[in-house]
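S.K.: Heads up: the sequence lines are chains V and D, in that order.
With my numbering as the guide, the letters of the first sequence map in order to residues 2 to 465.
With my numbering as the guide, the letters of the second sequence map in order to residues 2 to 465.
Be aware that a few hints might be false.
Chain copies aren't distinguished; within one or between two, either way the pair holds.
Stated by the list, open to error - The calculated lysine-lysine pairs, modelled on DSBU-like cross-linking and capped at a C-alpha distance of 35 Å, are:
id, residue 1, residue 2
1, K48, K111
2, K323, K446
3, K248, K265
4, K323, K262
5, K323, K110
6, K389, K48
7, K111, K220
8, K452, K344
9, K34, K389
10, K23, K91
11, K446, K265
12, K389, K49
13, K453, K262
14, K299, K262
15, K221, K452
16, K389, K428
The hints are simulated quantities; they were obtained by calculation from the structure and are not laboratory data.
Bear in mind the structure is a predicted one, so any value in this text is a computation, not a measurement.
Number of protein chains: 2
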Amino acid sequence: MTSFFFYPNSIAVIGATSNPKKFGNAVTMNILKNKNLECELYLISKKKQEIFGFSTFKSILDVPKNIDIAIILVPAKVVERVIDECIEKKVKGIIIVTSGFGEIDENGKKIENMIANECRKAKIRVMGPNCVGIQNTDIELNASFIQTPPLGHISMISQSGSVGCATFYEMERFNLGISKFANIGNAIDVTFDEILEFFYLDKNTQIISLYLEAVREGKKFFTTLREISINKPIIILKGGRTSIGMKAARSHTGSIATNYKILKAASDQAGAVMCETMNEFIIALKTFSVLPIPKGEKIGVLTNSGGTSVLFSDAAEIFDLKFATFSEELKNKMSPYLIPLVKKVNPLDMIASAAEEQYYQITKAMLEDENIDIVVACCVIPPFLEMKSEEHYRGVIRAWNDLKREKPVIPLFVFSENFEAVTQLSKSEEAPIFYTPNNAAYAIKLLIERKKFIDRYRANLISK
Amino acid sequence: MTSFFFYPNSIAVIGATSNPKKFGNAVTMNILKNKNLECELYLISKKKQEIFGFSTFKSILDVPKNIDIAIILVPAKVVERVIDECIEKKVKGIIIVTSGFGEIDENGKKIENMIANECRKAKIRVMGPNCVGIQNTDIELNASFIQTPPLGHISMISQSGSVGCATFYEMERFNLGISKFANIGNAIDVTFDEILEFFYLDKNTQIISLYLEAVREGKKFFTTLREISINKPIIILKGGRTSIGMKAARSHTGSIATNYKILKAASDQAGAVMCETMNEFIIALKTFSVLPIPKGEKIGVLTNSGGTSVLFSDAAEIFDLKFATFSEELKNKMSPYLIPLVKKVNPLDMIASAAEEQYYQITKAMLEDENIDIVVACCVIPPFLEMKSEEHYRGVIRAWNDLKREKPVIPLFVFSENFEAVTQLSKSEEAPIFYTPNNAAYAIKLLIERKKFIDRYRANLISK
Chain V
2 MTSFFFYPNS IAVIGATSNP KKFGNAVTMN ILKNKNLECE LYLISKKKQE
52 IFGFSTFKSI LDVPKNIDIA IILVPAKVVE RVIDECIEKK VKGIIIVTSG
102 FGEIDENGKK IENMIANECR KAKIRVMGPN CVGIQNTDIE LNASFIQTPP
152 LGHISMISQS GSVGCATFYE MERFNLGISK FANIGNAIDV TFDEILEFFY
202 LDKNTQIISL YLEAVREGKK FFTTLREISI NKPIIILKGG RTSIGMKAAR
252 SHTGSIATNY KILKAASDQA GAVMCETMNE FIIALKTFSV LPIPKGEKIG
302 VLTNSGGTSV LFSDAAEIFD LKFATFSEEL KNKMSPYLIP LVKKVNPLDM
352 IASAAEEQYY QITKAMLEDE NIDIVVACCV IPPFLEMKSE EHYRGVIRAW
402 NDLKREKPVI PLFVFSENFE AVTQLSKSEE APIFYTPNNA AYAIKLLIER
452 KKFIDRYRAN LISK
Chain D
2 MTSFFFYPNS IAVIGATSNP KKFGNAVTMN ILKNKNLECE LYLISKKKQE
52 IFGFSTFKSI LDVPKNIDIA IILVPAKVVE RVIDECIEKK VKGIIIVTSG
102 FGEIDENGKK IENMIANECR KAKIRVMGPN CVGIQNTDIE LNASFIQTPP
152 LGHISMISQS GSVGCATFYE MERFNLGISK FANIGNAIDV TFDEILEFFY
202 LDKNTQIISL YLEAVREGKK FFTTLREISI NKPIIILKGG RTSIGMKAAR
252 SHTGSIATNY KILKAASDQA GAVMCETMNE FIIALKTFSV LPIPKGEKIG
302 VLTNSGGTSV LFSDAAEIFD LKFATFSEEL KNKMSPYLIP LVKKVNPLDM
352 IASAAEEQYY QITKAMLEDE NIDIVVACCV IPPFLEMKSE EHYRGVIRAW
402 NDLKREKPVI PLFVFSENFE AVTQLSKSEE APIFYTPNNA AYAIKLLIER
452 KKFIDRYRAN LISK
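Pulled out of the complex, with its shape left as it was, chain V reads as follows (with noise of 0.2 Å):
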């Protein structure tokens, strides 16, 4: 178990400084900054008696109360030392910041060995070295030295602290948010597993994403992923897909990177999306948190711009997605809010003089289609006939938010990424947004994907 990771009652932050070139005074930082954190914190410092008006300790041992986590940042040369210090007050747990280890040569392996046997006798379950550390942005916690991320349901792991640093700048410019973030570096304890099953159990948890380069155990996070993935997505970008990227890999954690295709052969058995690159990464986390899984894989598209359609068509096709034929029924239905050039085809081009009113009609009507269960609205906002830039997503979200959300809608504004209207509107409305057609595509072929998961995981149940 390791719950009390993500939810201390006290904490020892051991190097901590109030030197701001320190990553001990980052991490120190970061807990007091969070004013709601119900947490006992205790600043252990061989040097200082006081940082930021708080007395400090010498040792871990001199703090009279229990401490549940000690977070240590002092030099490598210094950490053996510290945990004997930590086993000896009975924490439950250690995260080694420190850098340094196996990493970094073979000795740094013994030495990472050693300290893992030493603190598996003492039961202490520990995460790192080479780490940044711990978060829980439901109770405050930020345990790392890297910064508070939006608060949402995305709970990561990541085998890299600056790719998860990273993912939050991402998160923060397309209103995402995280739940809970763990880095466990060169992971000498804790696993991937461990903290997977912790998330599958974590109600605030809908999305799961993983960076990982490297699995201990193949055959066991094989299972845990396929336990988990029917319920919430699981959503991986694997470092160390290529030999040169292997290499690269093994220098940065000191592990040896898995093989690709087995893991993506495997992940996919288990219903988990590997992702081939961070743009797809980031549209994965994207695409389920904002859109609802479909019913079926026939798409309508409409648009004002030929181009745009064309070439989403093109992506369309290399994605393999499926285009639904219109019926008599809805071209009639749509008939009245088109002009009388607009040809009756899927994608259906109603060219650049659409508006508002024509965006939220059509994409109403195709929503209410039985024959269609993904509607894409194509658009390049008009800069002539006094337009609005957000009123065609504007339309396109009223349609999508009359008929309660319940089929995915693709808005997809190509190049519209600096029309601030159009994403505050995206934002305050939690809806979806794409600003090309490969990534419009690729969102498209995930949930339906995942629908084929879903389905086949319930044939699966019924015919056992």
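Start from chain V and add chain D according to the hints.
M.R.: Chain D only, in chain V's frame:
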């Protein structure tokens, strides 16, 4: 010769109106907005006697001066009559913005052919119908209904007006600019090749970009590409690469989309860049706008984020890039700036504490190394240790400037797009920045392929 379209002495807007909900208004406004444009403007309107304080003419035949270009925005059913008047007026060229011709049905195609024949007989050149118009930012001419892009050195032909429009949005975001722009719609007379040849001779055009769906005379097009591409990079985005995309293209511009594989093979041979996605298209424009062509293929990578350089290494292998092996000399040169933990291998992981000085010194050392042709500076902007968000980037660009920008530098600042200070610095320095490992690797691939193309071209010249 089509150059007079881009340098007109007089323009008549036929279908000008003060109604802001009409395209005739948008074109008129765009021409009037540019204060430095030296070109006579005549507004033709059946209904109004005055528009924006300008006296109008009932017919182009009433204009007392010669007209270089007539821009036609009247409804489709009166276009033929208006064309007759233009012929009588002996205009040099006509831009038919009005849609509702060959892209609609066979009858529309028939009318197009008639117009084309009549104008050919009268020696009048025609662009369109079904187009947004043309632009020449060098003289502040915006004879289209879309927005004026930033001034720059990229010239673009787009078979879709809205793809042009979307590209302009993205250019603004990435500090790229346009010299000339043409959207020729159904292209009944003036061809891609003619405009390409004009761009080739135009001294302000340094890069040529194309969005196209169909090519009429493949062989001629290929010859034109080959002739131009050694002197100016040509970046192509092809809509209708797939069968679904081709179908969509047909209802878009009424033309049968050209087979992608054939076009791709031809453009590869001609030394043009054929992009697979809109994202690649923008990255290609960015790459050739700001980066020099490398002398060789070997990459040196520095990073403060192990995970990011692992992901870059994966992307690099997929794009078949080659990593340099660090010489002892280089290792010694870099040593003073690196903490002892750092392993001197490529990619060089300087870990999270690396700041401006490390980025400056290491980038510089790699740029000075004769064994390294391209330097990739990976970074996740650290939210700790009081680092400034732009300092790492500043270090990289300082080193690049010191070395007179002779080798390509690829700053890969993962997901740092919302850091205003970095964005501003990249703009004011006119320096590159990439936000994902894949885009960075793709940019390098483009540079290396261009280098190889130039080498092949020269070798052929010599062997001849």
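S.K.: Determine for every hint whether it applies to the structure shown.
M.R.: A quick look at each hint next to the structure:
1. K48 <-> K111: within (30 Å within a copy, 89 Å between copies)
2. K323 <-> K446: Classified as both: same-chain Cα gap 10 Å, cross-chain 33 Å, threshold 35 Å.
3. K248 <-> K265: both (19 Å within a copy, 34 Å between copies)
4. K323 <-> K262: Intra 27 Å, inter 22 Å, cutoff 35 Å: intra and inter.
5. K323 <-> K110: Answer is between: at 30 Å across copies they meet the 35 Å cutoff, but 52 Å inside does not.
6. K389 <-> K48: between (61 Å within a copy, 28 Å between copies)
7. K111 <-> K220: Answer is within: at 26 Å inside a copy they meet the 35 Å cutoff, but 67 Å across does not.
8. K452 <-> K344: within (32 Å within a copy, 46 Å between copies)
9. K34 <-> K389: between (41 Å within a copy, 20 Å between copies)
10. K23 <-> K91: within (27 Å within a copy, 77 Å between copies)
11. K446 <-> K265: Both: 16 Å inside a copy, 26 Å across copies.
12. K389 <-> K49: Between. Shortest inter-copy distance 27 Å satisfies the 35 Å Cα cut-off; intra-copy 59 Å does not.
13. K453 <-> K262: Close inside one copy (21 Å) and across copies (32 Å); limit 35 Å.
14. K299 <-> K262: both (30 Å within a copy, 27 Å between copies)
15. K221 <-> K452: This pair counts as within: shortest intra-copy Cα distance 25 Å, inter-copy 48 Å.
16. K389 <-> K428: both (18 Å within a copy, 28 Å between copies)
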